[in-house]
Amino acid sequence: MTEEIIIAGFGGQGVLSMGQILCYSGVMQEKEVSWMPSYGPEMRGGTANCTAIISDEQISSPVLTKYDTAIVLNQPSMDKFEDAVKPGGLLIYERNGMTRKPRRTDINIASIGAYDASVKMNNTKVFNMIVIGGFLKIRPILEMENVIRGLEKVLPERYHHLIPLNEEAIRKGMEIIDFEHKLN
Amino acid sequence: MKELRLMKGNEALAEAAIRAGADAYFGYPITPQSEVIEYLMANRPEDRTGMVVLQAESEIAAINMIYGAAGCGKKAITSSSSPGISLKQEGLSYIAGAELPCVVVNVVRGGPGLGTIQPSQSDYFQSVKGGGHGDYKLIVLAPNSVQEIVDFTKLAFELAFKYRNPVMIQSDGIIGQMMEKVELYEQMQRTENDYDWATTGRKEGKSATFVTSLQLQAEEQEKVNLKLQAKYREIEKNEVLFEQHLCDDAEYLLTAFGSCARITRKAMEMAREKGIKVGLLRPQTLYPFPVEAFNKIAPQLKGILCVEMNAGQMVEDVKLAVNGKTKVEHFGRFGGMIPSPDEILNALEQKIIGG
Chain G
1 MTEEIIIAGF
11 GGQGVLSMGQ
21 ILCYSGVMQE
31 KEVSWMPSYG
41 PEMRGGTANC
51 TAIISDEQIS
61 SPVLTKYDTA
71 IVLNQPSMDK
81 FEDAVKPGGL
91 LIYERNGMTR
101 KPRRTDINIA
111 SIGAYDASVK
121 MNNTKVFNMI
131 VIGGFLKIRP
141 ILEMENVIRG
151 LEKVLPERYH
161 HLIPLNEEAI
171 RKGMEIIDFE
181 HKLN
Chain R
185 MKELRLMKGN
195 EALAEAAIRA
205 GADAYFGYPI
215 TPQSEVIEYL
225 MANRPEDRTG
235 MVVLQAESEI
245 AAINMIYGAA
255 GCGKKAITSS
265 SSPGISLKQE
275 GLSYIAGAEL
285 PCVVVNVVRG
295 GPGLGTIQPS
305 QSDYFQSVKG
315 GGHGDYKLIV
325 LAPNSVQEIV
335 DFTKLAFELA
345 FKYRNPVMIQ
355 SDGIIGQMME
365 KVELYEQMQR
375 TENDYDWATT
385 GRKEGKSATF
395 VTSLQLQAEE
405 QEKVNLKLQA
415 KYREIEKNEV
425 LFEQHLCDDA
435 EYLLTAFGSC
445 ARITRKAMEM
455 AREKGIKVGL
465 LRPQTLYPFP
475 VEAFNKIAPQ
485 LKGILCVEMN
495 AGQMVEDVKL
505 AVNGKTKVEH
515 FGRFGGMIPS
525 PDEILNALEQ
535 KIIGG
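Chains G and R, in that order, give the protein sequences.
Mapping of the first sequence onto our numbering: position 62 corresponds to residue 62, and the numbering continues sequentially without gaps.
Position in the second sequence (from 1) plus 184 gives the number in our numbering.
Heads up, simulated DSSO-like pairs for lysine-lysine below, C-alpha to C-alpha not over 30 Å straight-line: (1) G:K86 x R:K535; (2) G:K66 x R:K461; (3) G:K153 x R:K338; (4) R:K313 x R:K509; (5) R:K461 x G:K86; (6) R:K450 x G:K86; (7) R:K450 x G:K66; (8) G:K86 x R:K458; (9) G:K66 x R:K535; (10) R:K458 x G:K66.
These are computed hints drawn from the structure, not numbers from a lab.
Modelling step: build the complete structure from the supplied sequences, incorporating the hints.
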């Protein structure tokens, strides 16, 4: 198993930490992992992205141009990465703020209303955890217990009381993600 | 038990320096290297081991602080990125001339000039051929993973003190910024060594110790040079490190160092899937260069593609090493651009197999 993921969105949406949480969870599940952020001018306002790779085997390149999964959280990111999904791969997008639907017909497409769900949960900070939940529903590459252990590693101890809230957000994401286009 | 963590290359470097028992870090922030000093400041090594961490007023100040600490026999390390490393060159030449040990890390970004903050390998010539003046050499280590950053930090201090020579760790924006699993070694104690060359105060009955890179008489300066050259021959004999993948049956060879070797390895895997018999030779030490390894494999090859994130630097050393025994071509992206595995495979097919 090798899952090559690009996560992209606005700075502040938690894009970089989503990748870190997936990678730390991968470490907990004894996978090989690699995380590479965009750190160029784009992270100083505007869009941010990171590449997360989780694999059973040694990872050669940490930098990729084609991905198994693209998780895009704003329109510029969809414009940039829709074409970078491998045929047969997966595109997940956040519905809030998008001005068009994806065009590809040779990939699986799912959408999630994570922002609205986070508002309903009274905590927009768990937005990215809801998206992670949606991703893990479709690509169950990591066990929930390892994701929780990953969170324990990523979050400083003073925030550990928030882990149950994050778990709730992941489960919410698993509930609300919908396929828009599914290959056979 | 060894400790497993997920760390950025820059943070891992900082932690590795503390654990290697470094006495001092002097540096100045610059992207994409700033996490080194950030991590050191936040982790307060002065409380853990007594290690000194200081943000100098400039890169030039930092390298001269290193010169001073090294002159006292201390394990000192500094880091910067390309433009900052250029500022350190005068200091490096002096430290090499005075035969002092230290570790310098270059998290390379695109140049020339202020350039860009994205990853590059365009400082190969500067590191390997000597960016400062005079006939000197740095030992140059080129890690390709966060784990190797950690392992090479320890190795760099060992080599620096073994040869009393500055050691350069050539990282780049990818290795510095990416996170990977890393196994950390246990904390090593800082040690109070009383080296006879260190200027730690004149003891009773002993003559004065001098640290200098100045000789007024040309005859004396030539002796210094001869001694340095003899040392470099020893280093070339003993300290070459490289890695080979699938080279036994290889008809073609890809070669690359650092982060670029990771991308090139992916290209090699793709080429193998297409049935192309290609191997990968990755120099881990850029100086001393694995001349013998290239020379040995050259006769079985139909060609070598040297992949670099620069306009063609290591390729010159590869050509010297194979000495005309096989065709050598270069493929590069530069100015902060990263080659894709597809581009590399394409270059292999165009320039070497079809060329």
